[in-house]
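Given chain X, work out where chain G should sit, using these hints.
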Amino acid sequence: MMDRTVKHLFMKEFSSYFKTPLGYVFLVIFLFGIGYLTFEPGRGSFFYMREASMSSFFRYIPWMFLFLIPAVSMRLWSDERKAGTIELLLTMPVTIRQAVIAKFLASWAFIGIALAGTFPMIFTIVYLGNPDLGVVFLGYLASFFMAGALLAVGGFFSALTKNQVVSFILTVCVSFMLIMAGSPPILDFISTFLPKFFVDLFESLSVLNHFDSIERGVLSLSNIWFFTVMITCWLYGSMILLNENKAN
Amino acid sequence: MLEVRSISKKFGDFQAVRDVSFKADQGEVLGFLGPNGAGKSTTMKMITGFLDVTGGDAKICGKSILNETLAAQKELGYVPENAPLYEDMFVREFLEFIANMRNVEQEQIPKRVIEVINMCALKDVEFQKLETLSKGYKRRVSLAQALIHDPSVLILDEPTDGLDPNQKHDVRELIKELSKEKCILISTHILEEVEEVCDRCIIIGQGEKLFEGTPDELKAKSDKGRIQDVFRVITTDCKLQGVNL
Chain X
1 MMDRTVKHLF MKEFSSYFKT PLGYVFLVIF LFGIGYLTFE PGRGSFFYMR EASMSSFFRY
61 IPWMFLFLIP AVSMRLWSDE RKAGTIELLL TMPVTIRQAV IAKFLASWAF IGIALAGTFP
121 MIFTIVYLGN PDLGVVFLGY LASFFMAGAL LAVGGFFSAL TKNQVVSFIL TVCVSFMLIM
181 AGSPPILDFI STFLPKFFVD LFESLSVLNH FDSIERGVLS LSNIWFFTVM ITCWLYGSMI
241 LLNENKAN
Chain G
1 MLEVRSISKK FGDFQAVRDV SFKADQGEVL GFLGPNGAGK STTMKMITGF LDVTGGDAKI
61 CGKSILNETL AAQKELGYVP ENAPLYEDMF VREFLEFIAN MRNVEQEQIP KRVIEVINMC
121 ALKDVEFQKL ETLSKGYKRR VSLAQALIHD PSVLILDEPT DGLDPNQKHD VRELIKELSK
181 EKCILISTHI LEEVEEVCDR CIIIGQGEKL FEGTPDELKA KSDKGRIQDV FRVITTDCKL
241 QGVNL
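Same order as they appear, the protein sequences are chains X and G. For the record, in the first sequence the residue sitting at position 4 is 4 according to the numbering used here, with numbers rising by one throughout. For the record, in the second sequence the residue sitting at position 1 is 1 according to the numbering used here, with numbers rising by one throughout.
Keep in mind that the hints are not guaranteed to be accurate.
BS3-like mimics (lysine-lysine), calculated; alpha carbons at most 25 Å apart, straight line [as the list claims (entries may be wrong)]: (1) X:K7 x G:K111; (2) X:K246 x X:K7; (3) G:K123 x G:K111; (4) X:K19 x G:K176; (5) G:K135 x X:K162; (6) X:K19 x G:K129; (7) X:K246 x G:K176; (8) G:K176 x G:K59; (9) X:K82 x G:K224; (10) G:K23 x G:K221; (11) G:K10 x X:K162; (12) G:K74 x X:K246; (13) G:K221 x G:K209; (14) G:K209 x X:K7; (15) G:K138 x X:K19; (16) X:K162 x G:K74; (17) X:K82 x G:K10; (18) G:K123 x X:K82.
From chain G, some residues computed to sit far from chain X (all C-beta separations above 10 Å) [stated by the list, open to error]: (19) D88; (20) E115; (21) Q145; (22) E177; (23) L240.
Not the full set, but computed from the structure, chain G residues with beta-carbon under 10 Å of chain X [unchecked claim]: (24) P80; (25) L85; (26) I155.
Simulated from the structure, these hints should not be mistaken for lab results. For every residue, glycine included, the Cβ atom is placed at its ideal position computed from N, Cα and C.
Just chain X, with the same shape it has in the complex:
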């Protein structure tokens, strides 16, 4: 059970997305963007594929997340530090751990709402054919996990700087590296100067590989483990950072 402090901080943070235009702008851009990319004949291949699956939808999720998740995560701590409310928050009987977890869960739940908003897509494929709903569910699960990992990265950079723009840019850069880590051009490049062990390690950090494997319908323990470790490590990093520079 969530403890009371985490619950109330979570609720406050979650509702704050709907008190400013940020939440609505995000939802509109995300839903419009992903719909457009999925169906637009030039880019999306939904109609060309002639099959009732959501693979063309999930193919674009990482790229939508790459720019939209940092926009959600950039204010998590930067805002709090800039406005000085962090002093208010951390002088209440709240530990940094509780605060980091509550804020992370609130932003994750918000992305959950955004993903849930794509439900007409499911109706569309169910109407058009006989899709494997298990695979669809796993696709959503993979998207949700990936959102969590990128939000944790974003939270870390938000704790690093008071400036939201800097936090946004750093998050985009690191998220891009994490998404692309397993791609052949990057792996070829780093294999020119790093031993194979490090190349394999780098490849295993690829968010996209793990995302793809769940999205294709293979839910293995190692994928879940990867996202759990990823989220935990970045959140832990945020806690250390906040402890160090909350007063700066």
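Only chain G this time, still in chain X's reference frame:
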């Protein structure tokens, strides 16, 4: 009730606060004076557990901020400098949020919120957004959030800064009223405030305690009874006629 023992803070090589100790009891208002950058806010942030101490400890109602941080923080009400608030919230909603975070019992929350709203004269703005409030109201909301859980110790960092004379008067009256049952530490630049509300005062300069005593003792050091002259002599190297430390 509030006991600060040799508290110190270093930022890198810079010694912001050095071995500051003092005590305050229930029913006492302790003024915390010093020029800008003297270490007042840093000391207060350490007492509230926001900043880690480099040395020493502070005890709030016998609970160490170092080892029993959460228990000590429960006994504290804190108004930070410039009264930062969650500006996208409404006054009442904000106070309810703080009450929940402060673990006020669920059934007590509506009652406590009404009490602090009346105490801090916030009735007129109860349903307004915080970002739309004037500076004076924001200070009062900040004071209200510090009182919501009826703490034993109140730490107020320049609570009257930027208020108009009437608002200053109201806040001082409120502090006097509260001081009957609480222990209050208040930092200020305004010397007449010390005479008006404080039972005792401490002056710090460059992170060190330079004076501790009653406002009358401070006044007595000047032949003309001018506190500001004594303050200047204590906190700077200048010498003024008629002031004997």
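List of violated hint numbers, smallest to largest: 4, 7, 9, 14, 16, 18, 19, 21
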